[in-house]
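Visitor: Could you put the whole structure together from the sequences, leaning on the hints where they help?
Spelled out from the first residue to the last, the chains are:
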Amino acid sequence: MNQFLIFILLTLLKIAVVTVVFLTAVAYTVLLERKLVGRIQNRWGPSRVGPFGLMQPLADGLKLFLKEDLMPSAVERPLFILAPIIALACALTSIAVMPYGRDIRWHGVDMFQIANINVGLLVILGVTSIGVYGIALSGWSSNNKYSLLGSLRSTAQMISYELALGLSVIGVVLRTGSLNLRDIVNLQATHGVLSWNAFGGVQIVAFFIYLTAAFAETNRTPFDLPEAESELTAGYHTEYSSMKFAMFFMAEYANMINVGAVATLLFLGGWSSPFGHLFPDFGGPVVHALLPVFWFVAKVFCFLFLYVWVRGTLPRFRYDQLMGFGWKFLLPLAIANVVVTGLVLAVHG
Amino acid sequence: MTPSLHLWLLPLLPLAGFVLNGLWGRRLPQAMVSAIALLFPLAAFAQVLWICTQVSSFALPHVERFATPWIAVPGFHANFSFLLDQLTLVMLLVVTGVGFLIHLYSVGYMAHEEGYWRFFSYLNLFLFFMLTLVLAANFLLLFVGWEGVGLASYLLIGFYYTKDSAANAGKKAFIVNRIGDFGFLLAMFLLIAHFGTLSFASVFAAITAHPTMQGGVLTGIALLLVLGATGKSAQIPLYVWLPDAMEGPTPVSALIHAATMVTAGVYMIARTHVLFDRSPAALTVVATIGTATAFFAATVAVTQNDIKRVLAYSTISQLGYMFLACGVATYSMGVFHLVTHAFFKALLFLAAGSVIHALGGQQDMRTMGGLRKKLPVTFWTMTAAVLAISGFFPFAGFFSKDAILAATYMAPNGGKIFYAVGLFTAGLTAYYMFRLWYMTFFGAPRYTEQPHEAHAGHGHAHGVHESPWVMLLPLVVLGLLSLAGGWIGWPTALGGNDWFGHFLAPVFRDATANVQLLHAEPSAGLERMLSVVSMLAAAIGWFLADQKYRRKPLAPEEPKSAFSDLVAHKYWIDELYGAVVVRPLLAFSRVALAGAVESGIIDGTNRAWTRIAGAGSNGVRRIQSGNIRSYAGWLAAGAAAVLLIVLYFAHLY
Amino acid sequence: MSVPIAWYLILSAALFSIGVCAFLIKRNIISIFMSIELMLNAVNLAFVAFANRWHQVNGQIFVFFVMVVAAAEAAVGLAIIIAVFRSRNTLNVDQIDLMKL
Amino acid sequence: MHLALFIIFGLLCLGGALNLLLQQHPINSALSLIVVMSSLAVLYLLLGAEFLALAQIIVYSGAIMVLFVFVIMLLNAGLEEKTRGSRAAYLAGIPGMLALFGVLAGTFFTLRSSFGSARLGAYLATTHDLAQVLFRNLLLPFEVTSILILVAILGAVVLARKEH
Amino acid sequence: MLNASILTWLILLPAIGAVLVLLLPARFARGFSLVLTLALFVMALHLPAHFNYSQTGGFQFQRDILWITNPAIRYHVGVDGLSMWLVVLVAFLAPLGVLISWRSVGERQRAFYSLLLLQQTAMYGVFVALDLMLYYAFWELSIVPLALLIGIFGRSGSGRSAALKFFLYAFIPSALLLVGMLWLYAQTGTFDLVLLRQQLHGASTGPHAAGLWLVSLAFLLAFAVKAPVFPLHGWLRDGIQEAPPAVAMILAGKLGLYSLLRWHVELFPTEAAHVAPLMVALAVIGILYGALMALVQTDVKRLAAYATLSAVSFIVLGIYSFSAASLDGAAFQILNESISAGALFMLLGILYERYGTFDMTRLGGVAARLPQLATLFVITTLALIGLPSLGNFVGEFLILSGSFSAHPALVAAATVGVILSAAYMLWMVQRVFYGVPSNGAALTGTDVNWRERAAVWPTVALMIALGVASPFWMRALDRSLPQVAARMAAVTAPMQTASARLYGRTASAR
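Residue numbers (the working numbering), protein chains in the order written: chain A, 95 to 443; chain B, -11 to 641; chain C, 25 to 125; chain D, 427 to 590; chain E, 2 to 511.
Treat the hints with care, since some could be wrong.
What the hints assert, rightly or not - If you want the ones that stay clear, here's a sample from chain C, every Cβ over 12 Å from chain B, calculated:
id	residue
1	P28
2	I34
3	S59
4	W78
5	H79
6	Q80
7	F86
8	F89
9	V90
10	V92
11	A95
12	A96
13	E97
14	I106
15	N113
What the hints assert, rightly or not - Residues on chain B that point at chain C, a partial pick, calculated with CB under 7 Å:
id	residue
16	I616
17	R617
18	A620
19	A624
Said to hold, decoys possible - Label-pair restraints from in silico Cβ distances:
id	chain 1	residue 1	chain 2	residue 2	range
20	D	L500	B	A628	33 to 41 Å
21	E	N71	D	T536	30 to 38 Å
22	D	I433	A	S289	44 to 52 Å
23	A	L106	E	T70	55 to 63 Å
Source of the hints: derived by calculation from the structure; they are not laboratory data.
The C-beta atom is built at its ideal place from N, Cα and C for all residues, glycine as well.
Guide: Right, dumping it as structure tokens:
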């Protein structure tokens, strides 16, 4: 009983900490993007609120929160409200199964992962797939042709790329023989970079596929057709404002972080050091516990940087190119990757 | 171990002729065809003669059989086996001898016919089957010959197949014979059922082994055989085909429908006499049929004007005599008459053929007359034959017919009546034969001397002329035989030694031993007296004919009377059969079967099923409304039904 | 606290019955299709419950096959629906009766 | 714990299903169905089928139902119209449903003792177990099913393609 | 080595050929079919050459492989004396069918020859299958090509309805057959003929006697329709009338008759014995009925159809009389009937090619124009009416004499059919061939050519060979049929004594 209570309390604590950190990270990812894109476009980006514009996310949040919540008269009200909630909820759920540090137990509770699930990877995929509804419903319930078209595009795009994404991780799963994310990371932890799936595991192709599909899943450039301002005004966002818009906005950036985290876990050794056991542990138990968290955050940060970098660099795809790329290139490539990996594993077993 | 007589060769010789002519005759020159057609029967005849010379060194009956059986199933088998005894030998001589003569005659007669090769191949085929029939050592092989000669007869009657009447006649002959064969077949089934074999020797041995076996099944078998015999030998009630068979070429009539094939019935009864001896009822039936046929056919013959039809009815009548002889269990007499009849009737036909030939195909006696001078050879040979058939001493017919009448007179089972009718018939015979004789050869010529186109191929006949020597030679030979052929059976009562009777005696020995109706041996005096009486009857017949036809050769319209009308229309028998059997059968088939059963029941069932299926489909079609929700409902209902069955009716399966 | 398997089964039966009912009374062809999916899911639940009861994975495997078939069915079915809609311009099953002779 | 979860998600299931039945608009029905399926996934988890639960979410909720929603959006399906056959369907459907439920539930209820009961964590079918059965014992059906789905894909492509 | 696989080859090759014909250019279709069927005939001759004539009972050239485990369906093929000759017969008739269709089938040649070859497979299969399910598969397969051939290549517009009639008549009882088979399987757990025979032995008094009765009747019905037996011949007239000659040759008779013998009499001896009086009566009715109907037809093909009914009924009579002689005769008569009727249909086909009609009122005097055709026709006719020294006589004689002691009165009635057959056949010959050419101008045409002679003469030769050398064929038949007779005798003996007691007379007449 006591044990159960402790478990509940510690879990609630973990959830609270992770959620706060995650939401903060989301907010600052927005800032990061604006700053970086500004630099790429040879301008400053936000710099007025706070030092280096560091308070800008707070100001943005305040603005959106205080803005009048417009409810267009023609919308399907329940769904119109439900859609951003679904989107955000799904975006925030995935983090629950991700390990972000060593398996260090306190009172028998793993402190660096909210829930260790045998089929953790599947949970992430499942939650991601549920997230589609947010976009789909928003477009439909808005009762606006731009919204509908945007959400149709987005839905089609997400369904299409989800296949490639799902297939790309199979190589990793094959190597590991488990769907447990900790198992996956542990396999990559031994020799640092050399044992990461992306490199030592020779899943570089899968990594590439995952990366591309992840861009598409999050509707980021160069796959940001659903909200292409110049064509669809703003896609499924069009009718949304204030907090509801903020939820979509947050969901998008949360998804970016999610995707980055998953990529880190699957391909880049997760919280493990890039040097593996090259350097013996230094520092005390605190360092021992927190250093993996640092590595994890650093790798995810690299991804976010990449996201922004790509956004600032690449042009947008045409819609048919997008579909063609997904179905005719990525999907066969992913299948080939699965086959090759399977064969290699079968031979070297 | 007796050396082989190579009996198998005997039928195969004509068969070879048939095959050669049948397959390639169309392309061979006529002379070649004739050579083939004559050579093989001649060879067969020669072999028969050779057998005659050898026969004293053989134990008769002599059986030869092939190593391989013909039919062999569990419980029954039949061999290709040939039997040679005195009876067979006599038949062989007649068949090959007379057969060869008629072949020879045909070479002249058919010389200008289309399908010459076909004719001779058929004739050879006939000989093949006839020899098979005669030689057969079991019922089944006999039946092969039996049907086979029927086939040959069918083909030859229908030789002029473009003539509807000829084709019809052939068909009629075959079918009527088939009715007889029906009896024959049933007889064989009975034999198999009761004896398990069809071999003559085994069957007869089985019968003689049981002295008490009499009547019953044997009568049944015998009567069925008689049915067969009446068909083949043109007796009442199945004689109707023979007059029509005169549609065939005349040599065919001579060979098949006078000398050989039609006597097969008599031969068969003689061959199976063991059966008949044990069943007096059957014998009585045979005698009755024979007498009735003899009389009846004679009366019809009196009124016929077609020369060949007169002879046809005469044949029927004479066959009746043979039946009568068999019916009174004097089989050897029957066979004797068979032999003499073969001589004179063949001669009569051939001579008639010569006349027809001379007249360019004319067969109606009313358009003949006065041919005595034009056709001297024909006339004289014909005269011999007429005297023979009428039974004038010392011609062949006298001996055989006289013997039959005498035996009949002595027979215990109603012989007197048979005798009386037979005697009257003898008179009638003389009457119609001399009528024919007078109408053909005497009086003023009534024919027109012009080429007749009616008879195909005789367009060349400019004027009436005697036939070529190939035709006359057989006439002469047969004329001599008609005169002297009967001497072999010269009865002891008239100072002879009845060589023929003694020769055949071994074959019929059982008959005299077992038969219940033992003849009282006629005294010589009685026999002499009977001869005189029958001669007298013949003379009366001649006298009446002379009165009527020599004096008034123009033969005015005969006075109409109900009887003469009846006779002139052959007692309306053909019409009777048509009305009683054929037409009702066809009507029954058309109305009851084709009308009621086939289109009513069978097709009706079809229609009914169609309607049921249609109605059912229509009902089911309504379910296929095309409405998805109704489908859904049916689906749900079906699922519910399955569920119910699974849950609550599980005990059903 | 343990839950009797029978309850799962009764829940499954309830879902199935509702599916059947929806199958019958829905008029939109897509809704009908969805009710079929509902029935399939109800059956799946029963399978999983039985798998638990007998501690056999085969029941679950069967659910996989059902899922695959359902996926295939959805793909083809929806394609058909799209094709039908293109030609008839309606989704009401009562108006889609081309199969009527 | 188990009972509570069962009751919560079971009721969610039932509610979703009834909502599916009662909603006039297909998109609402579809969302209800998603709720049913997701709740079912939880029930699967309760029954120790964790892989299946996630597969349920990914395949049903995440793929099939997305397809439905997508098609509903694509065709812009509206409210259902009342037609002539509706009344008959209601008359047959609702009593039929109740009868069917009565029969099945009655049967299960009477047989409940033979089914036993499920405890949380008493049975867990691991991915490894599933893989063993699926790829060893049932390999052929598995392959056949893969062909089926391939054919289905081709069929869908052919059917949905616009005629040129 | 070949002994084990020869039957499989015979079944497979025509099916393969059927596919190849479809792939070849149309102009090679008939040539290919001819070569293939001739090759098959040569292959089929392997059977009599290597048949073990001293082996009594049982099957030879067997192949027995488990095909499907559950239900236990085996690929079990083999022949005994009876089926061996039937296989050879089928192989013999096939090239003739191709030859006779050479010109008459103008359009859709590939389809025609393909179906014909498929039908070959089915017939081989029916005759050699020893597993009930396998047999059923071939049985059904034999129906479809025939129906299609009649429907597509039918003589006139009503070909399709004739095909439909045939199909329904054949198919609906087949459904019953299937049900019966499954029932049998449920009871015995096997489809194998040999095992079934053992298992059903004595089952007629067992607990499932009533079911067995129904099953035997289902079997009987299916086969009797295909034979056909008297009241079930509704499809025959139209079927034969419409069928092209190559199809008419194989339409009626052997399949159903063989099946009656093998799958009814052998499988259900007791039930067959009980139903035998009915079958014999129907057979006799069929003989007379067919003959009388033939007598009043004006269409030659229809006449031939009713003649077929009559001839088939003879064989049925032989089968259900159960004596060794009648069974041998019946089996032998199947060969005879197939050959002579085959020849008849070929000749009718030749006739139709020349004159385009089967109406006897419009034909006549053909013999004057086509003497060779007439000759062949007359020989065939003579065979059909049972002229001794030609094959049919031996068969008919054995049937009738074998049946006589069991049913004297009925057999006597059946023998009347012999008279009637002569009547209608000769009448037909007369009306078609004799007399003067009726409408002279129309009746032209050339006499039989080499191809047609090559088709017809072998049958004529066989008629004679069958007629004079029956032991050659009987040798093989005798290895199996007397056993059937013996078993039937064992089955019927108690029945007869029972009925004798009932009627108060002794069983033995002597």
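Visitor: Can you give the numbers of the hints that this structure goes against, from lowest to highest?
Guide: The structure conflicts with hint 3 only, although it agrees with all the remaining ones.
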